[in-house]
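J.: Chains as they are written, first to last, in my numbering: chain A, 1 to 457; chain B, 458 to 653; chain C, 654 to 929.
Everything labelled a hint here was simulated from the structure, so no lab data went into it. These numbers come from a predicted model, not from an experiment. Honestly, I wouldn't trust all of these hints.
[Unchecked claim] Quick list of simulated restraints, FRET-style, between CB atoms:
1) 748/C x 87/A: 43 to 53 Å
2) 603/B x 748/C: 30 to 40 Å
3) 637/B x 317/A: 55 to 65 Å
[What the hints assert, rightly or not] Far from chain C by the CB rule (all over 12 Å, computed), these chain B residues:
4) 583
5) 606
6) 623
7) 641
8) 643
9) 644
Glycine is no exception: its CB is placed at the ideal position from the N, C-alpha and C atoms.
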Amino acid sequence: MVHDRTVVLEDVREAALRPMGRSGWRFWALAGVLALVVVVGAGAYVYQLIGGLGTAGYYDRGFWGIYEANLVAFIGVSYGGALVSAILRLTQARWRAPITRLAEAMAVFSLLVGAAFAVIHLGRPDRMWELVTRPQASSPIVWDFVAVMTYLVATLVFLSLPLIPDVAVLRDRFSGTAGWRRRLYGALSLNWRGKPGQRRLLEQSVTAVAILIIPIAVLVHSVLSWAFAVNSRPGWDSTIFAPYFVVAALFSGVAMVILVVAGFRKAYHLERYIEPKHFRYLAFLMLTLDLLYLYFTFTELLTEGYTLNEQVTPILTQLLAGQYAPFFWLFVVGAGIVPLLLVALPRTRTVPGIVTASALVVAGMWLKRLLIVVPAVAAPLISGDWGSFRPTWVALSITLAGAAAIPLLLMIFFKFFPILSIYEMEEMAAEPVLEPTMSEPAVPELVTAGVVERGIR
Amino acid sequence: MKLLTKLAVALVLVLGSLMLLAETVTAAPVQPDPTGLSVTTAPRLDPKGHPMAGQYLVVATLKTADGTAVENQPVSFYEQVQFIGQMRDALIGTATTDSTGTAVVAYQPVQTGVHTLVAHSAASAQYAQSATTSTLQVSQVVSPFPAVIEPLASVRAALTIGVALVVIVVWAFLIGLAVRAITGIRAGSEAMQPVE
Amino acid sequence: MADGVNRSVTERPIVGPTRGRSVLSRRRFLGVVGATAGTAVAGVALAESGLASAGATAATPAAAHQWAFMVDLRRCDGCQKCTQACQQEHYLAKEQTWIKVYTMTNTDGEQYFMPRLCMHCQNPPCLRVCPVGATFKNPEGVVLVDQTKCIGCRACMAACPYEARYFNWGPPPAAPTLASQPMPEFPVPQLQGTVGKCILCVHNTDVGKLPACVDACSMGALYIADLDADAAVNGLGETVKFSEFLQANDAIRYKEELGTQPRVYYILGHGQDLSF
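Full structure from sequences and hints, please.
T.: What follows is the structure, encoded as C-alpha cells:
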C-alpha cells in the first residue's frame, strides 16, 4: 500500500474527470434511452396541456394523485442528498469525500424534477406567475413555493461552492486550449489559486451553508406535509405529518444517494475511491431511518386506530384491510422489513445487497406517498362510494420522464464537472488520521500515501 | 250490460254532484261570525321580569264583533319584507288563541327601523278570516345569527409577519454568503487571512 | 316554538299595550297613530302604531344582502331537479353537481336525501388555502371563484370538507356566445383547468330572481335566505322569517364543528310533521 504522492493525486483527478472524457457507446445508448423517455413524457405533457388534467386520470373524486406523490417523492430524495452531504460535512466524517459531489448534484436535479411536478400538476401553469404577483400568505401552496425556491437556491449554493476548486483544476487543465471550455472554467473558477485565504473563506462558507441547509430542508419537507395536513380531510389532518414527511424524505433520500453512487461507481469504475465501506455506512444510516420511519408509521396508525373515530376509520380500514391493503403491506414488507434485513444481515450486507435494498426503499417510498395522497382524496366525505385514482398513460409517461430525467441530468452534469470532489479528496489525503479508533481508517490508500502538501496549486 | 250499469252509476254521480254544487252556489252560506283581530307588540321579558334587549312579543287578540274572545283559533304572524324582487310576508310563527282570545309569538328583529307586522287569522267554519297590521319602531337589535368570528386573528397576523421575517433573513443570509464567497475568492483573498 | 311562547304568556303578564284595530285585509293599512308605549326600562322605543300606507314599508331598512341558504330535509324527495336546473343555468358538465343530492341513511337505517351545495362558509377553508386569492368572499357573504385567476392547484378541493368544489378536467361544455369570459358572479363558460362551484346564483338574486335550484324545487325544500332581511323564500313562494324558522325547527349547519361557519342551514328530520 505504498503510493507515490503524485500518482495518488493524478489518480484522483483522472477518476474524477473520467466521465468528461470520450464516452463509450454505453453512455450514448443509456443517454439516448433516457432522453427518449423524457421526450415521450414531454409529449404527454403537451397532450395533457391541451386536453386537460382529465387525460392524466384525474377527476373530482381523485383530484390529487400521482403528480402530487411524485412531487413529494422527488423533493424527498433531494432532501436526502443534501442532508447526507451536510451532516457528513458538519460531523467531519472523513469518508464523505468521494460521495458528497454525487449527493449534492443529485439533490439539485431531483429537486428540479420535483419542482417540475409542482408545475405539471397545475391546471393552469400559464398563470404560475401569479404566485409571485398575488401571493396569499395563508396558503400552504405559497409556503411550498417559497420553501422550495429557498431550498433550490440553498442546494445550488451548496453544490457550487465546493465546485470552485475543482473547476480551477479544470481551468488549469484546459488553459492551453482555445475553446469554450477554457472560457467557461476560467469564469467559474473565480480566480481560485488555493491560497490560504481562499481556502478558509471557502470552508467557512461551505460549513455555513451546510448548517443552514439542514433547517431549510427540514422546513421544506414540513411545509410540503402541511399542504396536506392543514386540511380537515381525514387521513391528512395529523400533527405528526411534518416530522413523518421529513423522516420519509431522509429515508428515501439516503436510498437514492446509494443508488446514484452505485450507478456512477459502476459506470465509471470508481471502485477504488468509493468502497464497499461507503455503502455500508450509508446503509447503516438508511437502516436507522428505516426503523424510524416504521416507528412513525406505527405511531400514526396507532393513535388514529385506537380511537377509531368515524372520520378516520374508513380510511384505516381500506388501508390496512381493504382495497389499499395489498399496496400498504407491500410497502411495509418491501420497503420496510426486507431492506432492514438486507442491511442487518452480514451475509447480504454487500454492495449488491445494499443496492437492492435501496432500490426497494426508493420504489416503496414512492408507493407510500401514493398511499398518503390517494386514499384520503378517495374517501367520501359525505356519503357514497369511494373514489379512485387510475393514472393513464399520460400520467405514467410523465412520471417515468421525471424518473429518467434525474440520471440523465446527472450524466450530462458530470460530462462537464468532476464526479468526485477533487479538492476534498486531496484535502483528506493531506490530513493525517489522528485517531485511528475505527477498525478501518478512512480512505486508507490516500492516507497511507502520507501527503502533506496541498494538492492544488 | 255491465257497461250500462257503469253508465248509470256515472250519470247518477254526475247529477248528484251537480246538484250539490248548485246547492253550495245558490243556497245562502252559513255566515261565519265576523272577527276583529288586533295586534300589538311588547318587549319580551326574561324569567326575572326584565325586558330582553331586542326581543319582542307580537300579541294578537281575536274577538268577535260583540267583543267575545275567540278561543282556539290559529293566528299566523308575518313580517313584511322587501326580499328577492318583491314585498313578501315572511312568516314569523303561528300561535293559537287562548281563553282571552290572545295569541303570542316571540319576535326578534334583525334590523333597526320600522317593521310592519301582520297578524292573520284564517277563515274557519265558524269564523271569518281577519287580518291586521302593526308597526314596530326598533332601535336596538340583537342578531339571532352566529357572529362571524375570526379566531386568533392577531396571532395569525403576527405569525405571518414573523415567518416572512425569517424567510427574508434566510434569503439574505444565503445570498450574502454566496456573494461573500464569490467576491472573496475572486479577489484572491490575500487580505482575508485566517483570524485565529 | 309557539308552545313555548304561549306558555310564557300564560305565566306572566304581557307588558305593553294591546290596543289595536281590526282590518279586513292584512294587506290594507289603516292610518292609526298609536300611542307610544315606551318601555324605558329596556331602553327600547316601542311604537305601536298603524303608521300605515306605503310610507311605513318604504322605511324598511334596505341594507346590503347577506345571502344564506336553507335546506328543509323534511321535504326533499330526491328528485334532483335542483341539480339539473343548476347545470342548465351555468352550462355545466354532467359531472359538475354544484348542488348534489346525496342519499343518506339515518340511524334507523332509513334513507333520506340531502342536497349539498357550497356552504358559503364564513370561515372558508378553501379561501385560506388558495395561493393566489382566486377564491374570495364577496361583501354579501358568498364565496366565489375568479376563474380568470385560478391556477388550478386544487388545494381548495383538498380543503373543502363538503366536496363542494369541482374542477374542469377537460374542455367545458359550450355556452352561449354572449358569455365569453367567465365572471366570478356568472362563471359561464367554465374555463378548463380551473375550479368551479356553487355561486348561490348571485347573478339571479341580485336582480330579484330566485337561484335556479330554489326555483326548480317543486317540493319547496330549498330556500334562499338573507340574514339582513331575515327572510327566506322557497320555490313555492313560501316566505318565512329566517331566524325564527331556524330556531323553531332546530336547524343545524353541516360539519359546523370544523369551524367553517357555514351560511347554509339544514332542517333535519325526513318525514316529520311539517307544521311549525
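J.: Decide, hint by hint, whether the structure agrees.
T.: A quick look at each hint next to the structure:
1. At roughly 49 Å, the beta-carbon separation of residue 748/C and residue 87/A lies within the given 43 to 53 Å, and the hint holds.
2. A beta carbon spacing of about 34 Å between residue 603/B and residue 748/C agrees with the range 30 to 40 Å that was offered as a hint.
3. For the pair residue 637/B and residue 317/A, the supplied restraint of 55 to 65 Å holds, since their beta-carbon distance comes to about 56 Å.
4. At roughly 17 Å, the least C-beta separation between residue 583/B and chain C is larger than 12 Å, which holds for a residue marked as non-interface.
5. Under the 12 Å C-beta cut-off, the non-interface status given to residue 606/B relative to chain C is violated; the minimum distance is some 7 Å.
6. With a least beta-carbon separation of about 19 Å from chain C, residue 623/B lies farther than 12 Å from that chain, consistent with its non-interface assignment.
7. Residue-level check passed: residue 641/B sits 38 Å from the nearest beta carbon of chain C, beyond 12 Å.
8. With a least beta-carbon separation of about 39 Å from chain C, residue 643/B lies farther than 12 Å from that chain, consistent with its non-interface assignment.
9. Every C-beta of chain C lies more than 12 Å from that of residue 644/B, the closest at about 42 Å, which supports listing it as non-interface.
Checked against the numbered hints given earlier, this structure breaks only hint 5.
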